[in-house]
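Fit chain B to the supplied structure of chain A, relying on the hints for placement.
What follows is the residue order along each chain.
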Amino acid sequence: MSDEYLWDGCGTPDAEVERLEKLLGRFRPAVRGFEFPAAATSPLHTHSRRAQWWRVAASFVLLLGSIWLMRALTGRAAWTIAGLEGSPRIDGRAAERNEIWKIGQWLETDTASRVQLHVDGLGEIEVGPNARLELLQANATQQQIRLERGTIQATVTAPPYVFLVRTPGAYAMDMGCAYTLQVTDAGVSILRVTVGWVDLQHGFRQSLVPAGAAAESRPGIGPGAPYFEDSNERFREALETLNFNVEDSQARAEALTILLAEARPRDAFTLLNLFRRVDAEDRGRLYDRLAVLLPPPAGVTRQNAVDGDDMSGWWDKLGLGHAKKGLKGPPRIEE
Amino acid sequence: MPANHSMGDFSQDAQLVQAARGGDRAAFGELYERYERMVHGVLLAHVPYAEVDDLLQDVFLIALRRLESLREPTAFAGWLLVIARNRANDFHRRPRAAEELREPASIADRDEQEARAALAAIQALPEAYRETLTLRLVEGMSGPEIAARTGLTPASVRVNLHRGMKQLREKLGKSANHE
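Protein chains in written order, with the working numbering: chain A, 70 to 404; chain B, -13 to 165.
Here chain A stands alone, though its shape is the one from the complex (with noise of 0.2 angstroms):
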């Protein structure tokens, strides 16, 4: 059956979609307009003196609270600087060897600077040259950093999901493992990952990187698929094109034609991970190539790939394992 009804409401109606839409179509939202709060003179001070007032004496009695409760049922789980060379600085003055990193600070490295931290229960970090980051969460269910940039290390032995690292283009969430991540000037991030995996995600997209892969993510469109570091320089452009240009679909279609022309069987793994970023015609294409460096299991054909169905029996036939997966999920992030 066709999707194209489905998809933008065009061709032959399906029957079925069309009686869920009437059905469904009572849901939508029935005031439509934004209520701003009454007592707004501008978007963003809504408030009169005496309610902020005590808005900031109710903040304070609830961040005593909660500094006292997260004490009391999770101990302390704070930064400390474990050894430094340079002069890196902590929300602007001279940091310490030993120094406890808190909340909210910022810390940041000159380009003879490096940083090592380290969190009881958590792991190391280590910050290179030219890096600016915040902390943002510091419990021991939950850590949180901001880089916005330069390169950190990171060797984690937290559970999955407790590590968070915020950048311009994705969130890293560490699933038990080790990987460099780098934020550039213009907010692309790099993330590299040397032992276990790691979960890039950004608004709706998703990216799950093992060991030996690195992805990229860009502000505003978020993680790409990942690729393995020794493939070839054309099939890395190509790859960057296909993740990124996403408006200009010549240019999409010459690189999909390049990237399968460069493809080793280890590079199947990212061709598995292309099928959700491009359209049915270029997912029959994805599956030709990928017959080839890896046969597909048995049930798994071309209308499946071209349908978008599920892939996972080609997934485990890549033999690279799968993400450890923490009890509690993925973390609620950081607004």
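It should be emphasised that the hints constitute simulated quantities derived from the structure, not laboratory data. One or more of the hints may lead you astray.
[Said to hold, decoys possible] Derived lysine-lysine pairs resembling DSSO-like cross-links, with alpha carbons at most 27 angstroms apart:
hint, chain 1, residue 1, chain 2, residue 2
1, A, K171, B, K152
2, B, K152, A, K386
3, B, K157, A, K91
[Said to hold, decoys possible] Pair by pair, the computed Cβ-Cβ distance ranges are:
hint, chain 1, residue 1, chain 2, residue 2, range
4, B, D40, A, I172, 26 to 36 angstroms
5, B, D76, A, C79, 30 to 40 angstroms
6, B, Q109, A, E87, 38 to 48 angstroms
7, A, I172, B, D44, 20 to 30 angstroms
8, B, E98, A, T249, 52 to 62 angstroms
Ideal Cβ placement from N, Cα and C applies to all residues, glycine included.
Frame of chain A; chain B shown alone:
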């Protein structure tokens, strides 16, 4: 509507975010109009229908108050999605009186019954399919529009719609056979 224009949309978002930060209510109102259906659909994929309108207002109120903290104005859509999903998760963590969770005792209207059953079947699908199908079938957004608003590639949206619809047909078929 062209299929691929998400980057253009995101740069328009950035302009609206900057204007809203400067106190321009109309700019924030436009952001609301652009993303109301997306946020409504994502919430509806996770929480009971009766709760969605309040949570929708909450999500935009939070966005309004925290707009200054958004470091990448082009990332407004992704950031708003995070707020919406967090509010939906908070809803499930919040202790509630038992009656709040109960479905209405009896619904006389057969269409209403069917609609609720279909919505419940969508809410039981995997997250990616659930959200995309809600945006398509409830909010009436087309596949290209979903791609433009969410930052997903059109190909991903198409796959989610196809797989989600396939699973939904199976679920609805099974429940019809049991009646």
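A quick look at each hint next to the structure:
1. A:K171 x B:K152: Cα-Cα ~49 angstroms, so violated.
2. B:K152 x A:K386: holds, 25 angstroms
3. B:K157 x A:K91: holds, 19 angstroms
4. B:D40 x A:I172: 26 to 36 angstroms: The hinted range 26 to 36 angstroms holds for D40 (chain B) and I172 (chain A), with Cβ atoms some 30 angstroms apart.
5. B:D76 x A:C79: 30 to 40 angstroms: Check passed, 39 angstroms falls within 30 to 40 angstroms.
6. B:Q109 x A:E87: 38 to 48 angstroms: violated, 21 angstroms
7. A:I172 x B:D44: 20 to 30 angstroms: holds, 25 angstroms
8. B:E98 x A:T249: 52 to 62 angstroms: holds, 55 angstroms
Violated hints, in rising order: 1, 6; the structure is consistent with all others.
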